[in-house]
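Q: Chains as they are written, first to last, in our numbering: chain A, 3 to 317; chain B, 17 to 267; chain C, 9 to 314.
No lab work stands behind these hints: they were computed from the structure. Hints should not be assumed to be uniformly reliable.
To be verified - On the chain A side, residues computed to face chain B include the following (Cβ under 10 angstroms):
#1 Arg-39
#2 Arg-110
#3 Ser-112
#4 Val-114
#5 Arg-180
#6 Phe-186
#7 Gly-187
#8 Gln-195
#9 Ala-200
#10 Phe-210
#11 Thr-285
Note that the structure is a prediction, hence the values are computed from the model and not measured. Quick reminder that beta carbons are idealized off the backbone N, C-alpha and C, glycines included.
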Amino acid sequence: MTMRGQAPAILLFAGLVLFPFAARFGADAYLIALGARMLILALAALSLDFLVGQGALISFGHAAYLGIGAYSVVLASLVGIDDFLLQALIAIAAAAVFAALTGYVSLRASGVYYIMSTLAFGQMLYFLFVSLSVLGGDDGYTLSSRSRVFGRPLIASDFAFYFLCLAVLACAYLLLARITQSRFGRVLNAIRQNPMRARAVGFRPFPFQLAACVIAGAIAAVAGTLIANQSEFVAPAFMSWQRSGELLVMTILGGVGSLWGAILGALAYLTLEETLSLITDQTHLIIGPLLIIVALFGRRGLAGALTPRLSGAAA
Amino acid sequence: MKAPLLRVEGLTKRFGALVVTDDVSFTLDGGRLVALIGPNGAGKTTLIDQLSGAARPDAGHIVFDGADISRRDMPARAALGLVRSFQIAAVLHEFSVLDNVALAVQARSGSSFRFCGRASREDGLNTPALAALDRVGLLARAGDLARELSHGEKRLLEIAIALALKPRLMLLDEPFAGLGAEETRAGVRLIGGLKSEVAMLLVEHDLDAVFALADEIAVLVDGRLIAWGTPDAIRADKGVRAAYLGEEAFA
Amino acid sequence: MSLGLVIVQTLNGLQLGILLFLIAAGLTLTFGVMNFVNLAHGVQYMVGAYLAAMFASLTGGFWGALALTLPAALAFGLALEILIFRWLYDRDHLSQILATFGVILFLNQAVKTIWGAAPLSVPTPTALSGSIVLMPGLLFPVYRLALIGAGLATAFALYLFINHTRVGMLVRAGSTNAPMVSALGVNIRRLFMLVFGFGAMLAGFAGALVAPILSVEPGMGDNLLILAFVVIVIGGIGSIRGAFIAALMVGLIDTLGRAFGPQMLRLALSPSAASQTGRALAPMLIYILMAAVLFERPSGLFPVKR
């Protein structure tokens, strides 16, 4: 991972840091709240990119972790825990358990069967929360306020909340980039490229793939805690299969495997959606064909288009 | 008498009604190179698959260095030193040549559940990897991506990866397939040089290479071992000649 | 839980199952023969329903609508195949997911734009309207029985086609080993077109059949798509027989589970706990079934051997 290889990520984060200042001087403070939401979904897409790009594990149920994180905030606040860090820890623990249990079943399958298995588990969780009327069921649950950080309402302001999201995103990116370069990441990558070769050298795919699911799930759950705070509202719709599909789309759009590409893909997709919705409320008439065109002609996604000379995943 | 390194008893495998491995039994001693030959479709690769753990036999036992490994999976056998190379080169195309071998070294160097540090910068992994590459003559290509290698170089990389695993027994599945004459000669020299360090079971069609390298030759026809002996004995064996039906090398 | 209620719900379950089969059949073949992840199959079903609604208002009746919908759905499916999908057969699943997701977004919005968000209605054909008496005091709509019958007849015809015609044999062969079939000189492009078009037509047919009894609205195919995926995974990708059996299983388990689940739990739990748990578990049942099947048979119940 050379400095030159990191240039796109550095530029991206620089832009993201500057954005809220520009927005403040511009017209709309609403943009900052919108920006925070985009960062959160970018975080979820980032974690999915790790799973898909490094592990070749195409999960169609990744939004379930957003739901786990979001409902962790709800459940924690119901028992009086309103500290953000504690809520995040609860979310991570819940996500790890869910990932381990479902991964144990899903990873027995491969290819399309694996994809469908992840979808099934996502749906199960969705229906579970729909049926829990004590948490609002289908209508959702409204939080009384945002979580506290170190006992104080530090993220009550949208401006501060944006930077929390950005900080978490940056940390997650650095973490995943490191893991990718580590011994673990190398084995995971090898399993992705050629599972038989990995086994012939002495590595069993299952433990590595399961660990990857846990890591990705935990990060997405943190995104879930943020999304609960962003809207101060949580509903099962957060983890519908359509949301899972959108996360996959953002990841693929950005270019699977480059990590920062997923962030870019999420930002691009959501920005496009927002911009188009200003012109028309039939945004999907344009977005749909755009996705088709990217699928047909944009082989390596936005990241691939912007950095044509960089190739390969390992250093 | 020293116990054999590999003992195979009654290995049988069927695909439906077709018997691809028919009650195969043999032993292989350490330090020996046994060549496995036979007509196309004889079941040589399937036998290698069962020995390496890629396929499960329907019956029979495999005992490696005194331990029954019949139920163990491929990674377990690799960890014990039973290593194979693939007929269709299975190198990791997105990795560099060095990383391909360093990964194998990594498999034998402690836990891979380390999430920090740069694996590709670990001297403890790279040094043995470079040594293995040097052994096969690929040192100059260490920094290149594996996908840029020629076919012959990929076969060499396969052998370097196998060597990096500190093998006791190497199962080589047609390592010279698709190589030109000069490359094959170089390959034969390489394999010959390894004979004292590691036992080998070599599946090959190139009979010149076979006769140059083999201490013993086993002949597999329709899944059955019809002959096993020294190169001279095999050359003279009438049953083998009949099985090959006028193969020129035996003429 | 009376016998009458059980019979009605069983018939409802069969109806759902038959519907799922019609949708899943095309999906499993597309997966099996072309290895193509087609998320857009659900909108194919929706398009069939909308076409039926449109033709019904033009021709004034159900039968005319049905007769016109079938070729229209086929043409629509082929158009999608020629314009978009055939270029994706060689690509990885991710590109296919991206493209077909785009198709879903576009078509769900397009029908809303053309026909509005409010559900359309299609009149039940007079010949099949009304109910018949199954038991004293138990009525069941004739149309729904006819639907089940039509579905079973289609399933039987499909079985004959796949197993007893030359083209069907090619489809089965393509499902096990498409490159081999191509190497044997069969025009694989045409085979793919046939498989895709036929599957699209079946889905459209299903849409037309349900148009009189379900609301024809944007997004109506989305949840059935998920169920169809569950069906083909349980049944085994590429297997029509697997799709049939799995579809009936899923239809029955889902319907009966929702109808009688809470009641059956009352045998073990208190009424309120049974109700809560029942309502939570019932929609999850088929996913639990799918997970269980995948755990034991990672390639489904009737995998097509490759």
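Q: Confirm or reject each hint.
A: Each hint, compared with the structure:
{"no.": "1", "hint": "Arg-39", "verdict": "violated (30 angstroms)"}
{"no.": "2", "hint": "Arg-110", "verdict": "violated (15 angstroms)"}
{"no.": "3", "hint": "Ser-112", "verdict": "violated (16 angstroms)"}
{"no.": "4", "hint": "Val-114", "verdict": "violated (23 angstroms)"}
{"no.": "5", "hint": "Arg-180", "verdict": "holds (6 angstroms)"}
{"no.": "6", "hint": "Phe-186", "verdict": "holds (5 angstroms)"}
{"no.": "7", "hint": "Gly-187", "verdict": "holds (7 angstroms)"}
{"no.": "8", "hint": "Gln-195", "verdict": "holds (5 angstroms)"}
{"no.": "9", "hint": "Ala-200", "verdict": "holds (8 angstroms)"}
{"no.": "10", "hint": "Phe-210", "verdict": "holds (8 angstroms)"}
{"no.": "11", "hint": "Thr-285", "verdict": "violated (37 angstroms)"}
Figure legend: structure checked against the earlier numbered hints; hints not met, in rising order: 1, 2, 3, 4, 11.
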